[in-house]
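These protein sequence lines are chains A and B, in that order. According to the UniProt record's numbering, the residues represented by the first sequence are 1 to 459, in order. According to the UniProt record's numbering, the residues represented by the second sequence are 1 to 488, in order.
Hints in this document: simulated from the structure, not taken from any laboratory. Fair warning: there could be bad hints in the mix.
As the list claims (entries may be wrong) - Distance condition first, Cα-Cα at most 30 Å in a straight line; then the derived DSS-like pairs of lysine-lysine:
#, chain 1, residue 1, chain 2, residue 2
1, B, Lys223, B, Lys90
2, B, Lys90, A, Lys69
3, A, Lys69, B, Lys142
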Amino acid sequence: MTIDALRAHRVSDAWSVFDAVQAGPDGLNAFLSTDRTAVGNATGSLAGVPVAVKDNLATLHMPTTCGSKILDGYISPFEATAVRKLREAGAAIIGKTNMDEFAMGSSNENSAYGPVRNPVDRTRVPGGSSGGSAAAVASGVVRIALGSETGGSVRQPAAFCGIVGIKPTYGRVSRYGLVAYASSLDNVGVFGATVHEAALGLQVIAGHDRFDSTSANTLVPSLVPDLGTSDRPLTGLVVGKPREYFPASLDPRVAERCERALASLVALGAEVRDVSLPSTELAIPVYYIIAPAEASSNLARYDGVRYGHRAPAADLGTLYEQTRSQGFGAEVTRRILLGTYVLSAGYYDAYYKRAQAVRSLITQEFTQVFASGVHLLFTPTAPTTAFRLGEVSDPYEMYLSDIFTVTANLAGIPAMSLPVGRIDGLPVGGQFMAAPFDEATMLRAAAALERVLGAEAHQ
Amino acid sequence: MTNATATTTATSDWELVIGLEVHCQLKTRSKIFCGCHTSFGDAPNANTCPVCLGLPGALPVLNAHAVELATRASLALGCTVHETSVFARKNYFYPDLPKGYQISQFDRPLATEGAIVVGHDAAGIPRVIRVHRVHMEEDAGKSVHDRFADVSAIDLNRAGTPLVEIVSEPDIRSAEDAVSYARRLKQILEYAEVSDANMEEGSLRVDVNISVRRHGEQTLGTKTEIKNLNSFSAIERAVDIEFVRQCTVLAAGGIIEQQTMLYDDKRQQVRPARSKEGSHDYRYFPEPDLPPLRLSAEYIAAQGAALPELPPARRERFVAQYGLGLTEVEQLVVTRELADRFEAMAAAAGDARRAANWMLGPVLAAVNASGQPLSAHPVSPERLGALIRMEASGELSNTAARQLFTMLEQQDGDPLELARGAGLLQVRDDGALVGWIDEVLAENPAEAARFLSGEKKLQGVLVGLVMKKSKGAADPKKVNQLLGARAD
Numbered sequence: 001m002t003i004d005a006l007r008a009h010r011v012s013d014a015w016s017v018f019d020a021v022q023a024g025p026d027g028l029n030a031f032l033s034t035d036r037t038a039v040g041n042a043t044g045s046l047a048g049v050p051v052a053v054k055d056n057l058a059t060l061h062m063p064t065t066c067g068s069k070i071l072d073g074y075i076s077p078f079e080a081t082a083v084r085k086l087r088e089a090g091a092a093i094i095g096k097t098n099m100d101e102f103a104m105g106s107s108n109e110n111s112a113y114g115p116v117r118n119p120v121d122r123t124r125v126p127g128g129s130s131g132g133s134a135a136a137v138a139s140g141v142v143r144i145a146l147g148s149e150t151g152g153s154v155r156q157p158a159a160f161c162g163i164v165g166i167k168p169t170y171g172r173v174s175r176y177g178l179v180a181y182a183s184s185l186d187n188v189g190v191f192g193a194t195v196h197e198a199a200l201g202l203q204v205i206a207g208h209d210r211f212d213s214t215s216a217n218t219l220v221p222s223l224v225p226d227l228g229t230s231d232r233p234l235t236g237l238v239v240g241k242p243r244e245y246f247p248a249s250l251d252p253r254v255a256e257r258c259e260r261a262l263a264s265l266v267a268l269g270a271e272v273r274d275v276s277l278p279s280t281e282l283a284i285p286v287y288y289i290i291a292p293a294e295a296s297s298n299l300a301r302y303d304g305v306r307y308g309h310r311a312p313a314a315d316l317g318t319l320y321e322q323t324r325s326q327g328f329g330a331e332v333t334r335r336i337l338l339g340t341y342v343l344s345a346g347y348y349d350a351y352y353k354r355a356q357a358v359r360s361l362i363t364q365e366f367t368q369v370f371a372s373g374v375h376l377l378f379t380p381t382a383p384t385t386a387f388r389l390g391e392v393s394d395p396y397e398m399y400l401s402d403i404f405t406v407t408a409n410l411a412g413i414p415a416m417s418l419p420v421g422r423i424d425g426l427p428v429g430g431q432f433m434a435a436p437f438d439e440a441t442m443l444r445a446a447a448a449l450e451r452v453l454g455a456e457a458h459q
Numbered sequence: 001m002t003n004a005t006a007t008t009t010a011t012s013d014w015e016l017v018i019g020l021e022v023h024c025q026l027k028t029r030s031k032i033f034c035g036c037h038t039s040f041g042d043a044p045n046a047n048t049c050p051v052c053l054g055l056p057g058a059l060p061v062l063n064a065h066a067v068e069l070a071t072r073a074s075l076a077l078g079c080t081v082h083e084t085s086v087f088a089r090k091n092y093f094y095p096d097l098p099k100g101y102q103i104s105q106f107d108r109p110l111a112t113e114g115a116i117v118v119g120h121d122a123a124g125i126p127r128v129i130r131v132h133r134v135h136m137e138e139d140a141g142k143s144v145h146d147r148f149a150d151v152s153a154i155d156l157n158r159a160g161t162p163l164v165e166i167v168s169e170p171d172i173r174s175a176e177d178a179v180s181y182a183r184r185l186k187q188i189l190e191y192a193e194v195s196d197a198n199m200e201e202g203s204l205r206v207d208v209n210i211s212v213r214r215h216g217e218q219t220l221g222t223k224t225e226i227k228n229l230n231s232f233s234a235i236e237r238a239v240d241i242e243f244v245r246q247c248t249v250l251a252a253g254g255i256i257e258q259q260t261m262l263y264d265d266k267r268q269q270v271r272p273a274r275s276k277e278g279s280h281d282y283r284y285f286p287e288p289d290l291p292p293l294r295l296s297a298e299y300i301a302a303q304g305a306a307l308p309e310l311p312p313a314r315r316e317r318f319v320a321q322y323g324l325g326l327t328e329v330e331q332l333v334v335t336r337e338l339a340d341r342f343e344a345m346a347a348a349a350g351d352a353r354r355a356a357n358w359m360l361g362p363v364l365a366a367v368n369a370s371g372q373p374l375s376a377h378p379v380s381p382e383r384l385g386a387l388i389r390m391e392a393s394g395e396l397s398n399t400a401a402r403q404l405f406t407m408l409e410q411q412d413g414d415p416l417e418l419a420r421g422a423g424l425l426q427v428r429d430d431g432a433l434v435g436w437i438d439e440v441l442a443e444n445p446a447e448a449a450r451f452l453s454g455e456k457k458l459q460g461v462l463v464g465l466v467m468k469k470s471k472g473a474a475d476p477k478k479v480n481q482l483l484g485a486r487a488d
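Chain A with its partners taken away, still in its complex shape:
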């Protein structure tokens, strides 16, 4: 049924919705560039399906700017593996979506090309950093879009926009052509209007790629869930409810939507078990050491020497300084400085090395929980619903909006968000996390939950 909806949504429909939602001062600003000639192929699992791609995935026919001035107008001479696979599956890549600069942000207010608006409520943020892709799906321009995740940048905007977002296992989808933010945490992720559609997109882009040394050489099973007709399709499934993700301080309305989802899982035959992941509280500090450290290195190539923005300068030092000062926005600059600091001699052991040790601890805790017979974990995706544009100005407060999502990136495990209800009309996301490479179980549970929550989740 949902796949039929996908097939019924043609490129022409995409453009009519696009024209309606993108234009004007209150437009979504979800796209940075478009390809009006894209039609896709007649064959393949996504034949003729319009798809949007986050602007940090390299494409041949449209610029790849990463939402940054420093790459304004940059057109890549090669294509990201995930994009190539979409194209080969017949998809029409209709446009590149807006994003927080270099994928750094949790609100999509950090793009050099202006903020993206949330289609559910245009005074609010769509979440970040893949907010453009989330908005493109939530507004109905497309039903599948690619995003990227470093600390929750697919799941959090999916939650804010009321759609489905998947972060696969690290290594499941090639990062070749994904402009690096923090290499050991970055993933290409997928948005779908429904679990089925997101799964279909993931099925296309998953698999080993010899151009990415961190790509897993693991067979990709069938990921598109088939629930059959059973009333209790999750019988035998053990879902862990980690207490650290339901703190006393959690907004009771968010907690309530998640509890309802957990009750539904029980109704579907699953067993819910309380579990503990004690290192969770360390995830944000660890993330904000490791991610900026890698970012400071990954972003060193934007120096004005070979491509992108170059500031006029009389000498080399000034060229670097001016190019980078002019080209990078405040958040990117903040993280480069932070990363440079934590890697510098004398601080490496105190920060980076310790962060890696804690990261191992976090990973071990997940491994232990999954080894104890728990198949999936269920948590809120984000502590709040979408906030208003400009509402959160303190960077640290902003960082906390990823509190429930960063652990999956640190541990490299698959995770996803799906709508589990609304608060004052704003979507609430529920998150599943699974053992490495067990996306199939996660997607099956999400599809079952989606089926019973159905219209309820959208109220």
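The hints should help you fit chain B onto chain A, whose structure is shown.
Showing chain B alone in chain A's frame:
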């Protein structure tokens, strides 16, 4: 510069301490993290792709052949190759460094703890320089300052070329040993066929770390680093000049500043590199785009088995098997090709002693004079072996052997046939010799009479005349015998 006496006074108080860092380009067809060619001298930026240009989104994939060669190089240097090593990022800004970092190995290198013997002392005890580590890394590109007016250009053909960096312990105590170490290192890498080790093309580049301390002191002094020395003579001169400079500074109560130096061959000068920044902070951290490099014990053993006989072993064998002296052996194993050719010659000649003399004498002289490589020399080891056999058996005189050698250089053909055709074979047949003797005695009746009546000292003159008559073909020993018999 200070005068010679002052220099001697200043340096005699101090001990020279040297460590070498050698960058060696591995002999792969493609780059270390992509499929681009590594060929030298192509049009600027012809051999580049998104990966070696560090374009946004590109990722490195390790070249398996580079790992093979680096492993062999490490084993050839006597190092322990580790089953797990880790690539790291070395972060710094430079226009010819496309990613803003160099992928290298840092705290977990490919191999550690090797050794190179640089020579033997008077008692025959080997002098050993320890190899601290061998690690893999990518090369940077090249800044070109003289191609366009007012602007610098960047050529990234070299970016991503696979290198091993071989770091010695600070065990070297003289410029001569620094050169010996570099020579032997180059020799081993060439033998192992892991590198062309061509210093002119930059496939072997040497950085020298130098410090001095008072004799008997254990701690190291502040070091300076002389970068990118590209010949053995440059290493020797640069070390000598820098040693004198450091001693002079210290003797005058100054202190040595830790800095990077450049050696100017034209001006015979070592001077600080232009950038006088503080110590670099490379902010190393493990390369997240590459998993740790894991090599099985079997793999490492297989790379060791693939190594040919290396110079140290070959030296020993040559001494033992052929009974040659160390000095000669040193010259014979200088390149693998020379040693191989010598062995083929020795086998064909059945006489290693003579083969060694021929190789180190006439053959190398001819090769050097021709300006061509040894491999292009037209006299094959087999033909030279035949020549040596004839010489050894007395069929050829030394002079005739030299003449035949020249002939062999100029024309093809069987050495025996050529020698016969040119009348170079010594005539030992009594009939012919007696004929010549009779003729000489007849032509010189006065001398003949004196000789026959007992004036023995004339025998030499008469032998000379017989040799002359035979155009050098007569066997002088036999002529002597026959003539001597007449006088008795």
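For each hint, the structure was consulted:
The hinted pair formed by Lys223 (chain B) and Lys90 (chain B) meets the criterion: a straight-line CA distance of about 22 Å does not exceed 30 Å. Restraint check for Lys90 (chain B) and Lys69 (chain A): the C-alpha separation of about 26 Å stays at or below 30 Å, so the hint holds. A hinted pair counts as satisfied when its Cα atoms are at most 30 Å apart, and Lys69 (chain A) with Lys142 (chain B) qualifies at roughly 28 Å.
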